[in-house]
Amino acid sequence: MMDLIDIGKRIKGLRKDANLTQSKVAEFLSLDQSMIAKIERGERSISSDVIEKLSYLFCCTKNYILTGEDSEQKCMISFRSGDITESDLESLTIINKIVLNQFEMDKIARQ
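Sequential numbering of the sequence shown, starting at 13, is according to the numbering used here.
Simulated from the structure, these hints should not be mistaken for laboratory data.
C-beta atoms are modelled at their ideal positions from N, C-alpha and C, and glycine is treated no differently.
Treat the hints with caution; some may be incorrect.
[Unchecked claim] For each label pair, taking beta carbons as the anchor points, the in silico distance ranges come out as:
#, residue 1, residue 2, range
1, R56, Q114, 27 to 35 Å
2, D118, D44, 25 to 33 Å
3, A49, M117, 32 to 40 Å
4, S99, A49, 23 to 31 Å
5, S35, R122, 36 to 44 Å
6, D29, D61, 20 to 28 Å
7, D95, Q45, 25 to 33 Å
[Stated by the list, open to error] Here are the simulated SDA-like pairs of lysine to any residue, each with C-alpha atoms no more than 20 Å apart in a straight line:
#, residue 1, residue 2
8, K21, M47
9, K21, K50
10, K21, N75
11, K28, I63
12, K74, I106
13, K24, S46
14, K21, D82
Given the sequences, and given the hints that come with them, work out the whole structure.
Encoded structure:
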């Protein structure tokens, strides 16, 4: 069974590492900021759709968000500007999907 508190801590850590606010992540996910706060505290479950969007936003595997495993397959991204728009995050997500796909292809090629 998934531990919502641990998942929330990982999401909070990823968000802070990326220098994003709860409000900015909520806007990107089309959720309320209070929902992000509850997710980070482990008080709310998360849909698979939200987990997938977070994995693309933070360029990490879904497995990392859920279990903490596969941490070697994540990119560290930090935003320096407070003027990041939802469009910027959407563009970044598209790039991160490509990166995560390349990670998976590299993993398959090594087998």
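So, going through the hints one by one against the coordinates:
1. R56 / Q114: 27 to 35 Å: holds (32 Å)
2. D118 / D44: 25 to 33 Å: violated (38 Å)
3. A49 / M117: 32 to 40 Å: holds (36 Å)
4. S99 / A49: 23 to 31 Å: Holds: the Cβ-Cβ distance is about 24 Å, inside 23 to 31 Å.
5. S35 / R122: 36 to 44 Å: holds (40 Å)
6. D29 / D61: 20 to 28 Å: holds (22 Å)
7. D95 / Q45: 25 to 33 Å: Check failed, 18 Å falls outside 25 to 33 Å.
8. K21 / M47: Holds, at about 14 Å.
9. K21 / K50: With Cα atoms ~11 Å apart, K21 and K50 stay inside 20 Å; holds.
10. K21 / N75: Satisfied, since the Cα-Cα distance of roughly 14 Å is no more than 20 Å.
11. K28 / I63: holds (17 Å)
12. K74 / I106: This hinted pair holds, its Cα atoms lying about 16 Å apart.
13. K24 / S46: Distance ~13 Å between K24 and S46 Cα, so the pair holds.
14. K21 / D82: Status holds; Cα separation ~16 Å.
When held up to the earlier numbered hints, the structure conflicts with 2, 7 and fits the remainder.
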